Amino acid sequence: MVGGAARASKTALRYLLGTCVPSSKQNAAKVRISQLEFNDHIHMHYKKYDFVYANDPKKLCKTGDVILIKELSNKLTRLISHEVIEVIYPLGDITDPVTGKKIVASQYREDIDEADKLLGKKDSVFDYSKAPKRGRLEGVRDFTHKKMYLKYYDDPHEPQPDTVY
Amino acid sequence: MNIIINNYTRTVASLFRDAGNFSRRYAVSIADYKINWTRPEQPSELSPERSGDLGLDVGVKPTDFAKYYSESGELKDASDIVKKMFTLQFQPFKSTKYLRKVKTVDFVRRNELDRSSPEAQIAFYTSKILRLQEHVKKHPHHSTARVDLKEAIDKRRKQLKHLRTWDYKRFEWVLEKLNLIYKPLPEPPKQIARKESIRRLTEKHCDRLVQDKLNNYKGELKMLQRQFYVEKAEKLAFIREEELACGLEPTVSEKDIEEAKKKAKECQTKEM
Numbered sequence: 001m002v003g004g005a006a007r008a009s010k011t012a013l014r015y016l017l018g019t020c021v022p023s024s025k026q027n028a029a030k031v032r033i034s035q036l037e038f039n040d041h042i043h044m045h046y047k048k049y050d051f052v053y054a055n056d057p058k059k060l061c062k063t064g065d066v067i068l069i070k071e072l073s074n075k076l077t078r079l080i081s082h083e084v085i086e087v088i089y090p091l092g093d094i095t096d097p098v099t100g101k102k103i104v105a106s107q108y109r110e111d112i113d114e115a116d117k118l119l120g121k122k123d124s125v126f127d128y129s130k131a132p133k134r135g136r137l138e139g140v141r142d143f144t145h146k147k148m149y150l151k152y153y154d155d156p157h158e159p160q161p162d163t164v165y
Numbered sequence: 001m002n003i004i005i006n007n008y009t010r011t012v013a014s015l016f017r018d019a020g021n022f023s024r025r026y027a028v029s030i031a032d033y034k035i036n037w038t039r040p041e042q043p044s045e046l047s048p049e050r051s052g053d054l055g056l057d058v059g060v061k062p063t064d065f066a067k068y069y070s071e072s073g074e075l076k077d078a079s080d081i082v083k084k085m086f087t088l089q090f091q092p093f094k095s096t097k098y099l100r101k102v103k104t105v106d107f108v109r110r111n112e113l114d115r116s117s118p119e120a121q122i123a124f125y126t127s128k129i130l131r132l133q134e135h136v137k138k139h140p141h142h143s144t145a146r147v148d149l150k151e152a153i154d155k156r157r158k159q160l161k162h163l164r165t166w167d168y169k170r171f172e173w174v175l176e177k178l179n180l181i182y183k184p185l186p187e188p189p190k191q192i193a194r195k196e197s198i199r200r201l202t203e204k205h206c207d208r209l210v211q212d213k214l215n216n217y218k219g220e221l222k223m224l225q226r227q228f229y230v231e232k233a234e235k236l237a238f239i240r241e242e243e244l245a246c247g248l249e250p251t252v253s254e255k256d257i258e259e260a261k262k263k264a265k266e267c268q269t270k271e272m
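Chains as they are written, first to last, in full-length UniProt numbering: chain A, 1 to 165; chain B, 1 to 272.
Looking at chain A on its own, in the form it has when it is part of the complex:
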């Protein structure tokens, strides 16, 4: 019986939902898994984060995406213990699961378009149909895909590309 319960708990834990954070690995995503931990002293639940590395050779996920990961039966490396199954909620491009419509924060995209039409839509408005895929400005204008750190030495021969001042 005990063995059965342990197996059941293991199968239940096999799939996990987590948020993708900037990773320094090439073919693996760093995933932040949050869970609630009960504090016996204060009798309250507190959020606790675990970080795991998930194998992602196809580069499905980007920083900030909510992804589904699966525990591997054998670890690929010392760190990579999971694999990415699919992206559930891409960051900033969320579909409402109930209605199937695209949303922006708390509004439907359709409603925003409708309001723009009524108030006189301008040519300068952003067009979703012409918008390219996310990630074209990575390393050019948008530096959120990498961990930023403070510049800590001054050497013109060895520049530090991922720094802020």
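Among the hints, erroneous ones may be present.
[Stated by the list, open to error] As a list, the in silico DSS-like pairs of lysine-lysine whose alpha-carbon atoms are at most 25 Å apart:
1) A/K133 / B/K177
2) B/K232 / A/K117
3) A/K62 / B/K218
4) B/K161 / A/K146
5) B/K183 / A/K151
6) B/K195 / B/K155
7) A/K58 / A/K133
[Claimed, not checked] Cβ-to-Cβ under 10 Å is the rule here; a few derived chain B residues that face chain A:
8) R39
9) S47
10) Q133
11) P186
12) P188
13) E196
14) Y217
15) K218
FYI, nobody ran anything at the bench for these hints, they're computed from the structure. It should be emphasised that the depicted structure is a prediction, and the values quoted were computed from it without experimental measurement. Beta carbons: idealized from backbone N, C-alpha and C, even for Gly.
On the provided structure of chain A, position chain B as indicated by the hints.
Chain B only, in chain A's frame:
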């Protein structure tokens, strides 16, 4: 016995030669690693370098009419002197400021009345930041302007952060339209300290030493590879011959021998 005595005298002599110091002679201090640390110069947090502004050409010239005057019918028929009076250079600075602001927001405006959308807000702040950065350069001790500028930069950063999580594609589009760079806040440590920096540099230096040694060793092994494959092919051929001569079933095929020869040739061409 003689050998032992000789060795002993040599060690003692070397100890005396090294000034009688029994501690390790290498890497006693940071100077031995030849690591020179200089504190990186920090540009002002109000500078375009840190705020992420790459400049924006809104096309407002001093010879342009102030906002709303350009639409006036009476001004069209007026004389040149009157027309000149209503250009930006003869109007108060606030009219230039206003026109710049309107034209900046026009890059991203959703509709005629749009003032509150995130992209419009970001455009407002951008216009303000660009103006104040110019002003602060001229008047570096104008503290109210500096405070306003800092506030505007921080508020715009916050707006960009929210827009990124709400609507990524629009965020990227705004960055391109307003010619901005977005960098997230850095990981800790949030301040640069001498000791910590030197520690990190030393670590980097040691990693590099290890990598260099590994690369050298790999090169050495690569050099030996050709000789190894030549010998391997010879030995395999010998084994095969012997086995055939003894009337046994050969454990080595012709294919194996050819493969070894092929690899030897490959190594030779690489060396060339």
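Outcome of the hint check:
no. : hint            : result
1   : A/K133 / B/K177 : 17 Å, holds
2   : B/K232 / A/K117 : 79 Å, violated
3   : A/K62 / B/K218  : 36 Å, violated
4   : B/K161 / A/K146 : 15 Å, holds
5   : B/K183 / A/K151 : 13 Å, holds
6   : B/K195 / B/K155 : 34 Å, violated
7   : A/K58 / A/K133  : 16 Å, holds
8   : R39             : 7 Å, holds
9   : S47             : 9 Å, holds
10  : Q133            : 16 Å, violated
11  : P186            : 4 Å, holds
12  : P188            : 9 Å, holds
13  : E196            : 8 Å, holds
14  : Y217            : 23 Å, violated
15  : K218            : 21 Å, violated
Hints 2, 3, 6, 10, 14 and 15, counting from the list given before, are not met by this structure.
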